[in-house]
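A.B. asks: Assemble chains F, C and G with the ligands onto chain W, guided by the hints.
In order, the protein sequences belong to chains W, F, C and G.
So the first sequence is numbered by my numbering: it starts at 1 and just counts up by one.
So the second sequence is numbered by my numbering: it starts at 1 and just counts up by one.
So the third sequence is numbered by my numbering: it starts at 1 and just counts up by one.
So the fourth sequence is numbered by my numbering: it starts at 1 and just counts up by one.
No lab work stands behind these hints: they were computed from the structure.
Glycine included, each C-beta is placed from N, C-alpha and C at the ideal position.
Among the hints, erroneous ones may be present.
The calculated label-pair distances, taken between Cβ atoms and stated as ranges, are [claimed, not checked]: (1) Gly230(W) <-> Arg279(F): 22 to 32 Å; (2) Asp298(G) <-> Arg339(C): 16 to 26 Å; (3) Ala242(G) <-> Gln137(W): 52 to 62 Å; (4) Glu65(C) <-> Glu26(W): 51 to 61 Å.
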Amino acid sequence: MSYLGILDADLPDLLKTMYHIRAFEEKVDELFMQGAIHGTTHLSIGEEAVPTGALHALRSDDYITSTHRGHGHCIAKGADLNLMMAELLGRESGYCRGRGGSMHIADVDAGNIGANGIVGGGIPIAVGVGLSIHMQQQARVCLCFFGDGAANEGTFHEAINLCSIWRLPVIFLCENNQYGMSMSAKLSMHVASVADRAIAYGIPGESVDGNDVFAVHHAVWQAAERARAGQGPTLIEARTYRYKGHSKSDQNRYRTRAEIDDWRARDPIVIFTEVVRARGVLAPGADTQVRANAYADIEAAYAFALASPEPQVADLLEGVYA
Amino acid sequence: MSYLGILDADLPDLLKTMYHIRAFEEKVDELFMQGAIHGTTHLSIGEEAVPTGALHALRSDDYITSTHRGHGHCIAKGADLNLMMAELLGRESGYCRGRGGSMHIADVDAGNIGANGIVGGGIPIAVGVGLSIHMQQQARVCLCFFGDGAANEGTFHEAINLCSIWRLPVIFLCENNQYGMSMSAKLSMHVASVADRAIAYGIPGESVDGNDVFAVHHAVWQAAERARAGQGPTLIEARTYRYKGHSKSDQNRYRTRAEIDDWRARDPIVIFTEVVRARGVLAPGADTQVRANAYADIEAAYAFALASPEPQVADLLEGVYA
Amino acid sequence: MATVQVSETALSANDAALTTEMTYAEAIRDALKLEMRRDERIFLLGEDIGIYGGAFAVTRGLFEEFGAERVRDTPISEAAIAGAAIGAALTGMRPVAEIQFSDFMALTMDQLVNQAAKIRYMFGGKAKVPLVMRTPLGSGTGAAAQHSQSLEAWFAHVPGLKVVMPSSPADAKGLLIAAIRDDNPVVFFEHKLLYRVKAAVPTGSYVTPLSQSAVKRAGQDVTVVAFSIMVPRALAAAQRLADEGIDVEVIDPRTLRPLDDTPILESVKKTGKVVIVHEAVGSGGFGGEIAARITESDAFHYLDAPVRRLVGAEVPIPFNPNLERAAVPQEDDIVTAVRRLVREGR
Amino acid sequence: MATVQVSETALSANDAALTTEMTYAEAIRDALKLEMRRDERIFLLGEDIGIYGGAFAVTRGLFEEFGAERVRDTPISEAAIAGAAIGAALTGMRPVAEIQFSDFMALTMDQLVNQAAKIRYMFGGKAKVPLVMRTPLGSGTGAAAQHSQSLEAWFAHVPGLKVVMPSSPADAKGLLIAAIRDDNPVVFFEHKLLYRVKAAVPTGSYVTPLSQSAVKRAGQDVTVVAFSIMVPRALAAAQRLADEGIDVEVIDPRTLRPLDDTPILESVKKTGKVVIVHEAVGSGGFGGEIAARITESDAFHYLDAPVRRLVGAEVPIPFNPNLERAAVPQEDDIVTAVRRLVREGR
Ligand SMILES: Cc1ncc(C[n+]2csc(CCOP(=O)(O)OP(=O)(O)O)c2C)c(N)n1
Ligand SMILES: Cc1ncc(C[n+]2csc(CCOP(=O)(O)OP(=O)(O)O)c2C)c(N)n1
Ligand SMILES: [Mg+2]
Ligand SMILES: [Mg+2]
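For reference, chain W alone in the conformation it holds in the complex (with noise of 0.2 Å):
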């Protein structure tokens, strides 16, 4: 049984990843509060549905790119949460042995090409991930990941129209959530929705509620579908909202907390919910026992990396050159 292309036997797992997000992202958030991270941090709470519904789209061995705010693409590519505790927390058993902290985390491995903390800064990396697959004939795809505001980054425009020419297995995922730092995407463009650029460069572009796991997954695995085809890349723009502001040092000045409820209201966690409670897939209550073990496997993360040692200082200059 399927609802909306997702299988039914799917969703406790897809509710299990929000919910790691979510607490993930709270525990930092706390951490932060504490003092107990070091530098900055931007959450994606609110924006959970993204990730959850794009990765699971895709294979396991598909690629993603991320951004600064990549914690929930990080979990849902299906990172382990100690390793990536750990780095939050710097400590040498994180994925970046504590070099790289929240804006740098990776698993080239994996096919997580690594969060960055340059706006738009991944987008033409992924150009040579989706060349990369093309020149090596795998069935892979790329999925970019970026935000409303690195679409007015010049690095959006080649990227996309390099990928478009030569028909590269990428899809470029816009997390519009509305604003790129304080200013607002309707102040930032002069069209209603970043898929509008597609026509830009011949390619197909959509837009779909980001709030919504199904649309997400759906808009995703179309575009998947027609670059492991050939037919080259997709835009997708998924409206979403962080609920958090962006980074440590926000104040909030340019938002009303009305706008904040409306988006609240439509939280992604709670319409992904009902849907499952509506298939009746998971037994009366056992969506609060995924919610409780989601809480708890973040709380298990960070007794890791905390029993975990830190960098040695005499390393200091280890790892620069392969």
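C.D. replies: Same frame as chain W, but now just chains F, C and G with the ligands:
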């Protein structure tokens, strides 16, 4: 009396402009062949209708930003041919005192913000000119020339987006001469026309016959009206062709003789001359006199340049800082 | 703004007699505010500089005073920000652009280096490009490799640019006013860790001239050349070394291009020993330039020890705080380096 | 290419016994061809490198041999070229990108510096980025300010990058093969005026290791450190100076990062005098780094004259040929500088 928006009385002048451009380019070609000019050059023979029509649609205090293939823009903007030729010969009397050469001719005070050796390099600068006009509440516009190849640079995207949200009085005029150096525009982008990209910025886009002075004039005139009315930028593609190689080193390996001949059969000066004749604004045979005068002007410019001194080596360090 | 208004009254240096305690960030804001009040051609553009007040809150309040026309939030388009500043500067305006982190200057290099820096010369001296690019640099905030670089050496290598790196609130204000009034493209590097440093700053408008190195502490035994965040670290180190009887002279070039090297050479002639300190990666860093200026001049003959550089490690800045600290010179490192040089000097 | 084929046979150094006369451009083409035959993962991308054969004809004939898949013409999108190379390198390919003029590297700085150079370190050493960016630099062709720069110092300042500047056909071939086989991002600067220089080049495949400075001429009296086009100029100058009885040692670092400074230091210890020559603008140029390496090492104690830099003028490269020549060191300038240093040295 006027025809397609251009006063009959202006036709002889426009013919003169076209011949000035052609004669200038032919002279430059000859001088390069002789080794009398240093460096490289990019000739616009075959493309004369674009700057001629475009600049006729503007006022003398409007601005332009130009490109590496900028002699025609400069001439149509009303430059002094002597100072141009002197610049190409690297003389102290040249527009840039011999420091710039073909790729950097500029006359900022007169509204020519400069040729540019960087493909796409002038496009963001045009934004700033538009912004300046806007902030100083002037009635001017800025016409930004660029090529089909430049339409794939990131700067194209960033700049047009910025103008679109700020509704700046900038006209983006793409001279689509079918090639970016050796790459066919058909291969470098997956859309039929550069003007299709206007949709990505929510601005008007139009593709016109770039070998037709009237068509170019009309499109630019409309765009200028919109710009002066505070309605923001327009993207225009003018379809044209360069007869000569991309630059000095071109061996023409990427296009066919037949293609070149097809375009030569639609020579912009021939087409325009037919209209001038049909309108009867010149005595029979007077157009050949216009032509002869234009060629003579160029010879005079060459003589001026030759008679001008070279810069002093002792002045090498002068003019870096204001 | 139909006609441009420039009030020259604010140019008087008399107001500068009084001082106020303020942070480096506040001093920069003060400079922007005073200059914008004086000259309507000056405007700001950059990402999140309006309502948000800037990623480091430097422009906070300016949007409220000067409005959206003169405090322009831009999309995330660094090359276009730079280009817009250039085009505006060429046609009568005086833009001050903010690039949110100096690492993103990498996206503006063509506009800044191939356009802004060269336009005047390429155009035969017939145009000017009066713009300022303000941008924060440096590590120490846990922002890792793409948000912590010190790339001033790139810009200091480019004729046509001026490069300013203030190390104190008072310098930040006076140098920024000078940069805004300068008719050339100026890259103005602010250090993130300095933003909250507080000190006395002269009230009102004043200019600290560009290309004037400052002796931040006079001393007889050894010269320390330092800029940006390394100046306060060097001064703190000098204080400690004084207790050991080592008298350190600290010179802050403040402007790296065009560099005023005379005070550095004079100091080295006096002390015979020099340590050059910067946060940027050593190889290819500006310390090499300073060292070469010394050893190609007659100061060479006064040196009684090798020229010492104390500089950033040859790594991208790591995230982990211990590694991050170890990657750049700290106060202790300066103390150790000076001590060793003095002991070893023949 | 479904499965990647790497033939190791071509790795044998035996073929290198014979030599052929060829130009620097041909030597580079030969390296590309041999490597592409050996390893299917290697491919080229860049503007006009296919049918056109490259702006400087370096890739001519490769499109015909390897086809459009492996010799990829790109649109004019430098940042995307760099990004495409990075993404491909991260996932099993070995791209060699061409940027048509090194001035346009300014458009790739974010991808190259913030991405390629840092990825390995930021990712905890768990990824590699084996790519080469080939690009021509230098003046002398009348192409003026935006097509004539020598910006190698920018790249030499970036940990994670390797920076190579061959000065002869044989070095160009061996170093390019080494660069292609290297698992790091390598920026490979070719000098436009060297493209037509002809010399004997070993036949077949061979590697000239990166980070090995070469003594291009042994001498006793004075050390000249030069790279790229300045090496043949220095050698010609040395020849003339030999007639005057001045015995010049010419050292070519060849790789600026990571720099092998030992031969330079050894040479200075022997001669006690050094002239560093480069085309790039002096201030902030790599000559400062070399000078600093010398004067912070024990070679300092062997110096019997100030360290001399003979470098590009502090201007954008002008168009006029006389000005253009005057803006960078010529053979005569090297002769004069060495002569003066030898006479003045105490
Ligand atoms: C090139 C660059 N410019 C600016 C920044 C600073 N910055 C970090 S995230 C951000 C907003 C990005 O907006 P968007 O792409 O919509 O992603 P979101 O943060 O909304 O997920 C900005 C301006 C950056 N990291 N990189
Ligand atoms: C940034 C940059 N990339 C590449 C070049 C080299 N180049 C000069 S002109 C040119 C082709 C430009 O094509 P287009 O924009 O269509 O203008 P056209 O030459 O056809 O007039 C190229 C690749 C350059 N000058 N600048
Ligand atoms: Mg966003
Ligand atoms: Mg073209």
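A.B. asks: Give a verdict on every hint.
C.D. replies: These are the hints, each one checked on the structure:
1. Gly230(W) <-> Arg279(F): 22 to 32 Å: 54 Å Cβ-Cβ, so the 22 to 32 Å window is violated.
2. Asp298(G) <-> Arg339(C): 16 to 26 Å: At 19 Å between Cβs, range holds.
3. Ala242(G) <-> Gln137(W): 52 to 62 Å: holds (59 Å)
4. Glu65(C) <-> Glu26(W): 51 to 61 Å: violated (38 Å)
The structure is inconsistent with the numbered hints 1 and 4, although it conforms to all the rest.
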